[in-house]
Amino acid sequence: MNHASSPNEPFLTPQTLAAGTTTHTQQRFQIATRKLPISKAGLIDGLTERIGIPMPEMIFGDNLVSITHAPSGWSLTFSTPDALDAVDKTDKHMLKVAYARDWESTRESTTQGIKEVVKPYDWSYSTTYIGTLGANARQFEPSEKPIPIELLKRRDPILFFDEVMLYESELDDNGISMFSVKVRVHDKRMLLLCRLFMRLDNVLLRVRDTRVYVDFETDEVIREYTAQEDSFENVKRKLFMSGRLPDDITIALRDPNVLAPLLPFVEQRRDAVNLGE
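Number 276 marks the last residue of the sequence shown (numbering that gives the first Met the number 0); no jumps.
Read the hints as simulated data drawn from the structure, not as lab findings. Computed from a prediction, not measured in an experiment: that's the story for all the values here. Backbone N, C-alpha and C fix where the C-beta goes; we use that ideal spot for every residue, glycine too. Worth double-checking, as some hints may not be accurate.
Restricting the straight-line Cα-Cα distance to at most 20 angstroms, the calculated cross-link-like pairs of lysine-lysine (PhoX-like) are [what the hints assert, rightly or not]:
| no. | residue 1 | residue 2 |
| --- | --- | --- |
| 1 | Lys-152 | Lys-181 |
| 2 | Lys-152 | Lys-187 |
| 3 | Lys-34 | Lys-181 |
| 4 | Lys-91 | Lys-144 |
Ranges of calculated distance between the beta carbons of each label pair, as one might list FRET restraints [to be verified]:
| no. | residue 1 | residue 2 | range |
| --- | --- | --- | --- |
| 5 | Glu-56 | Thr-15 | 17 to 25 angstroms |
| 6 | Met-164 | Ile-250 | 28 to 36 angstroms |
| 7 | Ile-37 | Asp-254 | 21 to 29 angstroms |
| 8 | Ile-148 | Thr-15 | 35 to 43 angstroms |
| 9 | Arg-137 | Asn-201 | 41 to 49 angstroms |
| 10 | Asp-44 | Thr-127 | 19 to 27 angstroms |
| 11 | Pro-141 | Asn-233 | 27 to 35 angstroms |
Kindly produce the complete structure, drawing on both the sequences and the hints.
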């Protein structure tokens, strides 16, 4: 049976993987993106066994984005399996859905009710993944140097752009968790944005961003990780105070680009590596 057509086949053929891959070379760097259809049962079962947690409803297990420095062989890749492997597999960061609180206040014995909506892993799929370095690649070092946002705001021509979805879950109809990567390349620089957006209705809103900036003139790579979150109620109040109508608030609660400026930072760190040295 053909690999690409078998519903339970865990691996796609090299030809199928190549057909879904786009590459762009900019000076000494190669940027590659791979976009393929939603994964089939074979791959999903394999990842569930390997990673040890149930998979999200929509998983694009073969999708990826990679940055490779040709002279040194250094690479940084964003892949679905590694992103899901960075999801907490304990009960340390479990979240309760909104109606679990109602059960707590109205039931004498709530233990069983809570167990029905709280699973023994971070079922919001709030990964802390910041990319996978290639084997023997030079490591990032902690840095205070910021990404030059002003340079990125210039209206320089975009030579390459792509957006790749890695996974998405509707959190048992209680919200959404989605993990995706965007990349845009200019003549002298590029920016990659890997974003987790998680909304647990009536409970929490969360955005975790990994930005990777590459300077093509110096071969320096800067990586910045930020985590932002706030209660659903606080964000809804901020949207209301901004003058939005109820329907506009509903729409805004689905848009991480609108929400991110409203969320306080809970973590921020930077590191860098200069491949030109």
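To see whether the hints hold, each was checked on the structure:
no. : hint                                  : verdict
1   : Lys-152 x Lys-181                     : 16 angstroms, holds
2   : Lys-152 x Lys-187                     : 13 angstroms, holds
3   : Lys-34 x Lys-181                      : 12 angstroms, holds
4   : Lys-91 x Lys-144                      : 32 angstroms, violated
5   : Glu-56 x Thr-15: 17 to 25 angstroms   : 23 angstroms, holds
6   : Met-164 x Ile-250: 28 to 36 angstroms : 20 angstroms, violated
7   : Ile-37 x Asp-254: 21 to 29 angstroms  : 23 angstroms, holds
8   : Ile-148 x Thr-15: 35 to 43 angstroms  : 38 angstroms, holds
9   : Arg-137 x Asn-201: 41 to 49 angstroms : 45 angstroms, holds
10  : Asp-44 x Thr-127: 19 to 27 angstroms  : 25 angstroms, holds
11  : Pro-141 x Asn-233: 27 to 35 angstroms : 31 angstroms, holds
Hints 4 and 6, counting from the list given before, are not met by this structure.
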